[in-house]
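Chains as they are written, first to last, in our numbering: chain A, 1 to 769; chain B, 770 to 1065.
Careful, some of the hints might be misleading.
As the list claims (entries may be wrong) - The following residues of chain B were derived to be distant from chain A, with all beta-carbon distances above 12 Å:
no.	residue
1	Glu837
2	Gly842
3	Gly1054
4	Pro1058
To be verified - Estimated spans, in silico, between C-beta atoms of each pair:
no.	chain 1	residue 1	chain 2	residue 2	range
5	B	Gln892	A	Thr311	20 to 28 Å
6	A	Lys671	B	Lys813	37 to 45 Å
7	A	Lys447	B	Lys834	44 to 52 Å
8	B	Ala815	A	His483	50 to 58 Å
9	A	Asp536	B	Ala882	25 to 33 Å
10	B	Ala815	A	Asp536	23 to 31 Å
11	B	Val1003	A	Trp297	54 to 62 Å
12	A	Asn694	B	Gln892	43 to 51 Å
13	B	Ala815	A	Arg220	48 to 56 Å
14	A	Asn704	B	Ala882	32 to 40 Å
Because the hints were derived from the structure by calculation, they are not lab data. Ideal placement from N, C-alpha and C gives every residue a C-beta, glycine not left out.
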Amino acid sequence: MKPIVISFAVVALALPAMAQEDFNVGTVTLGLYQRDVNTVSSKFFEYRDIPNGGVAPYFSFKGKKGDYRYDFFGRDVTQKDQRYYGRFEGQSWRFQASYTGIPHAFGNAGKSILNVVATDQWRMSDTLQRYFQDTLTANRPRINYAYLYALVSPTLDAHPSDIDVALQRDRTNLAFSLGSAQSDFKLTVAYFHERRSGGRTNNGTSFGFGNVIETVDPARYITQDFGVTGSFKGAWGTVFAGFNYNDFSDKYDSFLFENPFRLTDSTHPSAYTGPSTTTVDGPSFGRTSLPPSNSAWTLKGGTTLTFGPKTRLTADAQVGQWKQNEPLIPFTTNTAITLPDGRDATSLTSLPIRNLDGRIDVLALNGFFTTLFGDDLRLNARYRLYQVDNKTPRTRFEEGYTRFDAVWEEIPRITVPNGFDSHYLDVYATYDVGSKAGLEVGWKWNKIAREFRETEHTTESTFRVAADIRPSGGFTARGIYEHGTRDFDSYNPVEAEEHSYLDEGPPVNQTVLRRFDQAKRDRDRIGLQVQASPGDGKFTVGAGYFWNKDNYDDAPVSCNADYHAGDVGDSATFCSGGVSAPLGLMEAKYTTFSVDAGFSPNDKTTLYAFYSREDVFDYQTGRQSGAALTFDPAWTWTSQVDDKMDTIGAGADFTLIPDKWFLSLFYRYQKVDGNNAFTAGASARPSTVGPVENIPQFDDTKINHLNGNLKWQFTGTWAVALGGFWEKYVYKDSQTGQTLYYMPASFFLNPVNGDYRGWVSWLNVTYKY
Amino acid sequence: MSRPWRGPLYGGVVLSLALAVAASAQEKKPEPTGGDCRTCHEEKLARWDKTYHAGVPDGCAACHKGGEAHLKGRMEGENTPGPSLKTLPAKEVNAVCLSCHETTHHSAWTGSAHSRRGLACTQCHSVHSFESRTAQLKAAKPSDLCMGCHTAIRAQMMRTSHHPVREGLMECTSCHNPHDGTRPKMIRADWSNELCYQCHTEKRGPFLWEHAPVRENCLNCHNPHGSNHDKMLVARLPWLCQRCHLNTRHPGTFYDGRVGGGSLALSTNRAVEHACKNCHQNIHGGNAPSGPYFGR
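Chain B extracted, bound-state conformation (with noise of 0.2 Å):
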């Protein structure tokens, strides 16, 4: 049922309770954690302030190795420079992270896929200079990062049959973790079709007529990063199933275009609209007990 007057009600009490708590709260700033770095960096901290980065026992220094002796030549009016993680190598950064974050599904960092590649935590996210709401990212979205190195796969995205990632309704990290290092292709899951049966349950069965290559990798039909065919789907109907069936009969005789004089446009339905599925529409499997070739 629509209530249209839902979202204009709460969004109102909300904003009167902000603006009241915003007229009303005495803001207090945090005790600086960031010690003598402040002095300079305060720009720096402004954000990092905000984020569970500055309850981190030693503040600063808990990263930063060195920064005494930088502080020290700075006060005497040298150019020492800072412990930068900047001139760092990949290695050492993901060092000073998986120090606190080698846990949960960061644990098999190690030998991962990313890591063999030899990217540094500091390429995606940021400590001090976040873009994304959460996950502390450069970029405001994960796929806006993903793509700047997985450039085909952006443009996979881009095609007309697509997930919703561009629309912000998912996002490369809904199907893939990438610190894992034990999952194939680094997705969430132990095998294709259970990453898929997490949105797609439907498709999970298990069924009285079963299609075989469905049954074994989703993949085997679609490209989940998108396709300019319907349904995802890595050739166009009907030449995807006969790539399996050329029985006899049907479904080879369709070329012959008995119907309508040769022309594709006005032929059998085996080869226009959803061709194969315009009768076998229970294609990933079904329960009908008169349905062996998924047309009940």
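Next up, chain A with everything else stripped away, as it sits in the complex (with noise of 0.2 Å):
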């Protein structure tokens, strides 16, 4: 990509050579910058790349010769996050090109006791999982954490410190558009196409509850997008048609990760228990399915009618497919495992299907009316339908699946093709009263109806209104408040869950767990913003105020466990009285304040400043449960999690001599502290063990950022600039800030994306003419 736009720069820049240019202006910045961070985090470069030593940072060149035009930029010329832009046009077409570069830095010198012998294969010596598997099976009676910490500590201690998760984005856009801005027929021809590679963290492979091993989930992945778009203009309006075709294309179908403590197969009916003094059983290796490529077409046409000045009509429809095909991997690497029937587990002919043959239907409606009476009052009507129709085979797993490639699981399953439709309408009305002040009221609607899940269909109404005040003064004034009410039919939790069971079975979730998505609830909303710029206009000041909150119904539900009433127990079994207090997600709050203020004095300075402070509250509770499910609430436990932010922002531009010198100065902090107060009832813990405690670092964090940037233009045609930044991050949490690489049941890979501290300076030369 970066040679095709360089190259159109060239051959554009040649046209003074064909003909006489109409103007030609060009900026080019080079540079020099030094950084240094104080830690191996990859935080710092999470998003960017910033080198040492020579850069290109930007450059740009536009011109207009004749009937032709040219636009051309790029930044961060051959670094990880470089971008170039580039357009060429005559009268009646225009080709434009682009390309962005994006790095993602997770983590940096993570370790592991596997060996990275490919991008989709982690493995370890057959000498060393031999030892290992022969030390357990000999010593199992002993197998506690702190046994097989001593264990595999040696071998841990000895890896480097050297896996670095990170991904790569490589975009590039192409686009051949025929019509001008006056032309009333315009055609587009897009071309996208995407490489990302690397992997990501959060890949967590596993054997069971006793043996995490986190690897990096690979990607190497393609997609590609070919669209295109026309679209007609007359007075009576504009119509457009358009046809997508997106492909994504994953190079590796699974990933295989081996198993530290088995070099040979073997199956336990609790070997994904293993390794404990239970059992030591287990595969020698697994494998995990990745994503598997598919595909999508989408083909769209609408319209917007002009009925005179004051009325428009926009209506637009949607339809598409997104399908996969990708062969699947058998039921399991372990070869000690076979199907109840004798068949072997490891054999793709023991599948009940060798593809997915996956697809769903995709159908979008948009329509939009408004009207104008008068001069003030304008009416509204908005609906929108989408559907999601998942048409999926349902494939029945008649024998079962495996579990963690340990042991066979006998429970008969049956995939669901969850898909869904969602119905909107909004109508509302705006009256102007004169210029100084608008008023809006609305309603809106909102039915959701699902398949295979709680709720047949959840219905939300909501009313607004909202207010507008613009006095002279320059003073804006602007208020807004909702009310939301969700319902559903019916809610039935044990039908749900039993969707993807062949056979029936006492449910395995809380049936008093009402998934937010789906419960009843109030939702409210305040927004209020001011702003001002009174005077000359030198000093403006706004403020903002939003609080949000939904209210789930707490009322109490039916426990629902008459669904098999005879078959797998009764009210008197699951829920004593009939009724009890619900589970799930009760509250969600979100408050924010913010005020900005800027003030100019003259045209050689600027000053601004800004301070939010954003409060998050949720409130939800949860019960645990031993084998079977139990509604004694001195299981439940609660969780009121209390974010708080504060952002604080101030900048100020200086012309320190007029067309010469230049001064910006920057500076940003923001503070999170994450709480989460936790209660837990008396059963929820054993007396043995004592309370769990209250999580005050929870996701804390601090950021500060420093800026500056000193230019001197000494010619009309020269800058030269002295700049840079200096950047803290703090990082602060108790659930993975004490990770170890060996930790109990699993091994972590830890890689550093905490805490830094780096400046970057810069010199930079501009040249522009």
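Using the hints, put the two chains back together into the complex; each one sits in its own frame.
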């Protein structure tokens, strides 16, 4: 891509040789960067590339020659976060191209007991696996965390901390358009290509409760999109149509990871709890599926009809299909496991299907009508339908499946192709009181019908009122209030759970747990914003306050245990008294206050500052159960998350000497104080263990950033700038702050993406013509 | 493969050609389309001359109606105010712009949220004094403008887990069309998931084992504007998962601190690090026959 853009720049610059240029301007900036970061933390480079040494931060060429125009610019040339844009056009056509590199740095210096032998394979030497297997087999009664830690530590300590988890996106856009700004007919053909390579964290490859091996989720993706769009404009309005085909390709269909504690395959009824005093069985390696390649096509069309200057009708429709038909991987890698009828569970021939033949039909309809009565009263109505019709055939696993490649679970299952319809209607009226004020009242209605879920449909009705006040003197005030109520037709958690099972059985999930995306809910929202720029407008100030609260119905719910009355239990067994306090998300609140100020006493000075305060509050309840669901409130726990955020920013831009010296300064700071106030009932924790603590360090962060730039325009075409930035980031968290490479039942990579302190300085020289 | 010589080579070629052109090109001043306006407003037109607006028929008069009275008054020594759009209410300003620009992605402006809030095109765009590289915005980047009003989003974008907007690799307009009046939250798609799939295509599926709330709405679990939790989640694991899953045995049993003496720091792997995702990694949907719990 880069050579294409630069080649266009060369061609464009050669145009003067062909014809007279109307104008021709350009800027080139070259520089020297120096950086220093005090840790190996990847966070400093999360989304940026800052080299040490020579850089080309910016170039731009723009011109017009007769009927031709060109415009090219680029930033951070050759760096991982380089960006280029080019446009070359004539009177009735245009060609555009762009390239963007987006680095993602997730963590540095991770360590694994496995060896990265390939992108999709993490392995261990057979000798070592044999040693661990034999040692554990001979010492099974001694197995506990301390014993295992002593066993694996020598190997872990010998492994280097050299696993950097990072991903690079390289995306290219090309578009060719016919038609000018004044043309009635326009046609655009576009092509998009993106390559993603690298890996991501959070790849919890596991052999069960007793043996998690964190690895890197490999990504070798290519995404391509081809689209054609045409539009026609007339006195009556516009009409458009388009088609897109999108293809996602994943180079790897699965990821292989070895079991440090097994060289040979074995199985046991509770092999997924190994290694433990109960069992040291399990597979020698596991395989997990990676995102399958898929494709999608979309056909769309629509129109905006103009009925005079006051009325518009917009309607559009989109149909599409998403498909996926990749070969499946076998049930398991474990050669010791067979299906109940004796078939080899590692063989593809034992699968009920070899490919998914997955397809989802998508339909979107949008309609919008607006008309003005007189000069001030506008009526509006909007309707949307979005339909996801999952037509993927349901697959029956009559014999069951394997659990973590460790043991066969003789639990017949069936896949559940979820889909839904969303109907949305919004009608509202706006009234302008001259040019000084505006009022809006409206009502929204949203019905979502779902397949295979706890509710058949939910319906939400929301009323709103909003007002704008715009008296003279540069003052504006806006306010909005919304109140919405969501309800469902009926709530059947047991039936929903059973959709994925072929045999009936007792529910395994709390029947009094209401899913927050379907639960009854009251939603209230208040927003207030004022902005003032009195007098000559040199001083501006603004303030905003927003309060959002979701209150989930906390009325008692039926235990819904009689779904299989007589078969698997009844209310007396599952829920004495017939009702129980609900569980789940009870309340979610978000409150924010902000204030902004700006002052420009003259054309040489601009000062600005802002402050925001946010408060995120979530209250939810849950309950622990043993082998069977319990409704005993003594097992209930509660979590109150209360995160408070303070954000400050300030800056100043000075023209020290007009057309000569310029200084800009900027500072920002954010502190997030996360808290999770936790309580657990007496039965939720063994008395020998003690209470579960509150969690004061709950994703706490602090970031300071200060930058400045001093520029000297020493001639009309040359300038030099000296600048830099300093940044400090602090992260504290109880759940991740004390992670070891080997913790109870888990090998963690522990890549470093925490605290850092760094600074960057630069010297840039700019030539402009 | 790293080719460090490419950048300097390309840069050197381009710079050389640019300098050659600058030295040899005869910059031809465009024929003034500002008419008599240029006599007093040359500075205002300097940047405008290089834009598409300079080629609009009628020049300044295409947008500034009533300039004749201003010109006549000035010539007679009177301080007749000019036809500035700054003195017009938003509706009238927008009518001027929409007389040409009510096409393609501006066609649904009328009745849109920004329109209803009384925003004028000139609050974000400038024909004469723009700062951005494209779209003639009053700020260098679209996000600088958006966050002037959307201050809560500004604060969310500064959180530790965020899309690369403040790094300049994405913009608010990567996901939103601020002129649109038809799509929810003015996103550039008919549904939130379709928007997310434009970049996160591996999540589109369909999958053998679907995760229902994922299929319905990515926003059930993620806040795309930023979060202090990993992966822009609206809540920390395991509590996010426990809003829907309180099955027998685990996922609720890790609060007893059975391993590690009651301290979450050394507790079972269901609470620390990636919590539920330590085992259930294919949480967006999986294609493994043995993956009904997204662990394969």
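Hints that the structure is at odds with (numbers, increasing): Structure breaks hints 3, 4, 11.
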